[in-house]
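Same order as they appear, the protein sequences are chains U and D. Residue numbering for the first sequence follows my numbering, beginning at 1457 and increasing consecutively. Residue numbering for the second sequence follows my numbering, beginning at 56 and increasing consecutively.
Hints are computed from structural coordinates only; laboratory data are not their basis. The reader is advised that the hints may include incorrect statements.
Simulated crosslink set (DMTMM-like; lysine to aspartate or glutamate; CA at most 20 Å straight-line) [stated by the list, open to error]:
1) K428/D <-> E1473/U
2) K1606/U <-> E401/D
3) K428/D <-> E1466/U
4) K428/D <-> D1609/U
5) K1604/U <-> D97/D
6) K428/D <-> E1607/U
7) K282/D <-> E147/D
8) K1606/U <-> E432/D
9) K1604/U <-> D86/D
A few chain U residues that don't get close to chain D, going by computed Cβ distances all over 10 Å [said to hold, decoys possible]:
10) V1477
11) E1534
12) Q1541
13) L1550
14) D1609
Remember, it's a predicted structure, so these values are computed and weren't measured experimentally. Here a beta-carbon is modelled for each residue, glycine too, at the ideal position from N, C-alpha and C.
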Amino acid sequence: MDKLLELLSENAKLTAEQLAVMLNLTTQQVSEKIEQYEKDGIIIGYKTLINWEKVDKSKAIALIGLRVTPKQDNGFDEIAGRIMQFDEVESVYLMSGGYDLTVKVCGKSMQDIAAFVMRRLAPLDSVLSTATHFILTRYKDGGVILNKDKEQDERRSVLCD
Amino acid sequence: MTDYCQNMSKAVVSLQPSGIRRFFDIANEMDNVISLSIGEPDFTTPWHVRQEGIRTLEEGKTWYSPNRGFIELRNEISRFMERHYSLSYKPESEILVTVGGSEAIDLTIRSLINPGDEVLIPEPSFVCYKPLTIMAGGVPVIIETKKEDKFKLTAEELADKITPKTKLLILPFPNNPTGAVMRRSDLEAISKIIIENNIMVLSDEIYGELTYGGTKHVSAAEIDGMKERTVVVNGFSKAYAMTGWRLGFAAGPKAVIKQMTKLHQYGIMSAPTTSQYAAIEALKNGDDDISYMRGEYDIRRRFIVNGFNSMGLNCFEPEGAFYVFPCISGTGLSSEQFCEQLLHSERVAVIPGAAFGACGEGFVRVSYSYSLKHITEALSRIEHFIKSV
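Only chain U is shown next, with the shape it has when bound in the complex:
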């Protein structure tokens, strides 16, 4: 994998100047590469990872497993397309295993999500069943460990003894 993508996937705030130094490229080369990645749909966005639980205690996230009836011409695409229109829906995945689709939903509260499932998801034509799994604690998300104690470097200087 391109080191540029690796570095950006860890920290989107690195500037083109910083990336250029790290990768032994010119700033212009880095900017051009990033632009190309954006054009090609390889870089599809820049977001901030937020520990929402610290901002709003009642905020809830659920993973909802859906079994659905696929359509003859376009399989799961149509229903997936409908579901991803909802603002509450953060991710939609077609799955192997027990469910067809897994939908990640964020809501103001658990009740909020429950209402969304009952009123919006479950009644959809091709949805056969829903199984809602609330996330109780996020330990690690998007590659980042949440609520980490202050990092301790266990390495000791051996030089001084």
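With chain U fixed as given, assemble chain D onto it according to the hints.
Showing chain D alone in chain U's frame:
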């Protein structure tokens, strides 16, 4: 009451302590200190290597190994030397597994040195060569390497220090603390003098896997006529992030390894068994781990060198190991003053260059064996400090 002073070995008592102990004591007692002082990888040992250690412990493989180390390990070391440096060493007689590279350094010096023999030690360099030479009865002769020579050992400086008593040259490259490397042409230039004067060489290549800029490290033993007079010291600590496993090795002429093995046998018995099993796995399947870590260090290296240069601390571009050695003499402070004030005012710990030899004065050693985030924070604190002095 016992008078310990009277009972001690005079040679040991005369050894200088490293001199920066006090500095570390202060750092350890302060809060919120951000350190760039540690000289070991921040990576943990690759999981498959740790797993092999665990597996052999579970199977109860907890006995001594043969004195020289398991033959399976020596076979793998032999293949490693062949693969990485095109050097061929016989596993039965030319390789000795030691407790870290440090033990191999000690054994080499003790096996070669008679009282009064002179040992050439380029500085700045790691702190162990001089005391070990003294304890072996040798006379350390320091060769000061210079920034204008990229801290390499030059033929002229080497020739200057050779006397009829010169027995051994230490080659500490890739270098801790400067990050200097000796490329093939640099080694060829000094090899003529070494061979003409019939000097033995201890080539400490513990950072051999960590060189940057596209060209691989060249072992001193690869140069024509050098293998027969060189003991190569290497190990697992830096290449495979295995410092705590305490495992290294020496590869060299049969006659030297034979004497070293005696010392090792009586002083140590054998290197840690678990570590040896793990090291076999590292050598068999760890080349990718090395390139991954080297790639990460390289990114940090560019970043930190650029950081120092842009804040006006002129920084020699290191090509090996994981240290930078910026020049701080422009601040008007000694290296120790610089480090102490930096610690007190900005809570950043780096090491005075003078700790690595008198010619390290005017420089500080900064390790980039830390995350980019950590390095970024430290650099911004150092920059703040520079603006205030």
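Here is what the structure says about each hint:
The suggested pairing of K428/D with E1473/U holds, with an alpha-carbon distance near 16 Å, which does not exceed 20 Å. Under the criterion of a C-alpha separation no larger than 20 Å, the hint pairing K1606/U with E401/D is consistent with the structure, at around 19 Å. Among the hinted pairs, K428/D with E1466/U is consistent with the structure: their alpha-carbon atoms are about 11 Å apart, no more than 20 Å. Between K428/D and D1609/U the CA atoms are separated by roughly 14 Å; this keeps the pair inside 20 Å, and the hint holds.
Simply put, K1604/U and D97/D have alpha-carbon atoms about 18 Å apart, close enough for the 20 Å limit, and the pair holds. Between K428/D and E1607/U the alpha-carbon distance is near 12 Å, which keeps this suggested pair within the 20 Å criterion. A distance of roughly 17 Å separates the Cα atoms of K282/D and E147/D; the hinted pair therefore holds under the 20 Å criterion. Note on K1606/U and E432/D: the hinted pairing holds, with a Cα-Cα distance of about 15 Å set against a maximum of 20 Å.
Distance restraint check for K1604/U and D86/D: the Cα-Cα separation of roughly 18 Å lies within the 20 Å cut-off, and the hinted pair is therefore satisfied. Not every C-beta of chain D lies more than 10 Å from that of V1477/U, the closest at about 4 Å, which undercuts listing it as non-interface. Annotated as non-interface, E1534/U keeps its C-beta farther than 10 Å from every C-beta of chain D; the closest such distance is 43 Å. With a cut of 10 Å on Cβ distances, Q1541/U stays outside the contact zone with chain D, its closest approach being about 38 Å.
The beta carbon of L1550/U sits about 31 Å from the closest Cβ of chain D, which is more than 10 Å, so the claim that it is off the interface holds. For D1609/U, the requirement that its beta carbon stay farther than 10 Å from each beta carbon of chain D is not met, with the minimum near 7 Å.
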